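Participant: Read off the chains here:
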Amino acid sequence: MSPLERLAAIEEIKQLKARYFYGYDHKDWDFWRNEVWAPDGRLEVPEANLAIGPRETMIDWVIAQAADQVSIHHGHTPIIEITSPTAATGIWAMEDRIYRSKEHPLNGDTHLVIGFGHYHETYVRLDVGWRIRSTRLTRLRTIYEKVL
Amino acid sequence: MTEIERLLAIEEIKQVKAKYFYAFDHKDWDMWRREVWAPDGRLEVPEFRAEPFTPFEEVLRYASEAAADQVSVHHGHTPIIAFTSDTTAKVIWAMEDRLFRTKEHPLYDGSTWLHGWGHYHETYIRLDVGWRIQSSRLTRLRVEMKKIL
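In the order they appear, the protein sequences are chains A and C.
Position 73 of the first sequence, counted from 1, bears residue number 73 in our numbering, the numbering being contiguous throughout.
Position 23 of the second sequence, counted from 1, bears residue number 23 in our numbering, the numbering being contiguous throughout.
Don't read these hints as lab results, they were simulated from the structure.
Quick caveat, the model's predicted, so the values are computed rather than measured.
Incorrect hints may have been included.
Claimed, not checked - Result set (EDC-like, lysine to aspartate or glutamate): computed pairs, CA atoms no more than 16 Å apart in a straight line:
1. A:K102 to A:D68
2. C:K14 to A:E11
3. C:K14 to A:E12
4. C:K103 to C:D69
5. C:K146 to C:D86
6. C:K27 to C:E57
Stated by the list, open to error - Looking from chain C toward chain A, a few residues come up when the C-beta cut is under 7 Å (computed):
7. I4
8. E5
9. L7
10. H77
11. I80
12. A94
13. L114
14. W117
15. R142
We treat Cβ as the ideally placed atom computed from N, Cα and C, and that holds for glycine.
Can you build the whole structure from these sequences, using the hints too?
Facilitator: Take a look at the structure:
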């Protein structure tokens with residue numbers, strides 16, 4: 001790859017992760033499926049003992065989780081390495097806030113989770129462009145606020 | 001646009017929005033006017049007023065009056081940038097803001113503190129002086145407001 005191709009790939013991967021956040025926080029699951037994930041996409045959240053794939057199984061799980069919640073996900077300062085013309089890895093710093101209703105709390109009694117951590121990801125370049133193949137979310141700190 | 005011109009335009013658009021935040025939070029209205037907005041700029045903040053503010057001098061009148069004695073912190077994240085021509089682009093920015101007001105000059109519901117999260121949906125135009133914001137509409141995922149005595 002030329003330096004120009006590498007810069008273009010890095011920018012595309014940044015905007016791919018931007019679409020991940022936008023699609024998730026707007027619960028636009030068609031957009032999320034079509035514009036973000038590779039068909040063999042896989043999500044791992046060790047704090048929840050979760051490792052789920054491929055894409056369709058994983059998205060069904062995420063849709064059920066997100067049902068009536070409000071979520072805000074922000075990503076920062078990606079470390080992106082293009083490992084071949086069609087493969088890359090990335091680490092994104094992240095902060096999220098998940099608001100749940102009293103009728104549908106998290107872990108039985110939590111209505112707000114504020115978390116800080118990192119996504120460790122792999123990307124693949126398909127005919128349609130760069131897509132997320134795997135993401136693993138690790139946490140530095142998680143704050144739980146209980147239902148009053 | 002060539003590929004290198006496209007990448008450069010993406011970087012310039014990111015820096016225009018960086019200047020938007022820097023100038024607003026520092027109340028540097030000359031910088032905001034000269035380096036951020038197109039003269040026909042249009043700002044839509046539905047939570048404050050249904051009709052957009054336009055042209056730029058109206059945007060500035062609203063922003064500088066609202067900002068008078070407030071302290072604001074605005075952060076932008078992960079832009080999605082799509083060019084609609086060589087001189088125009090559509091952009092979505094994730095955002096977070098905090099507004100600190102005084103008791104003498106509270107927000108519309110009497111609050112003195114606002115913490116919000118949402119998105120700017122924007123259009124940019126390339127003028128002779130460079131890329132500028134032509135329109136910006138703020139939508140919210142969540143807003144928390146409080147009275148701090």
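Participant: Against each hint, give a clear statement of whether it holds in the structure.
Facilitator: These are the hints, each one checked on the structure:
no.: 1; hint: A:K102 to A:D68; result: holds, 11 Å
no.: 2; hint: C:K14 to A:E11; result: holds, 12 Å
no.: 3; hint: C:K14 to A:E12; result: holds, 14 Å
no.: 4; hint: C:K103 to C:D69; result: holds, 11 Å
no.: 5; hint: C:K146 to C:D86; result: violated, 44 Å
no.: 6; hint: C:K27 to C:E57; result: holds, 15 Å
no.: 7; hint: I4; result: holds, 6 Å
no.: 8; hint: E5; result: violated, 11 Å
no.: 9; hint: L7; result: holds, 6 Å
no.: 10; hint: H77; result: holds, 5 Å
no.: 11; hint: I80; result: holds, 5 Å
no.: 12; hint: A94; result: holds, 6 Å
no.: 13; hint: L114; result: violated, 15 Å
no.: 14; hint: W117; result: holds, 4 Å
no.: 15; hint: R142; result: holds, 5 Å
Figure legend: structure checked against the earlier numbered hints; hints not met, in rising order: 5, 8 and 13.
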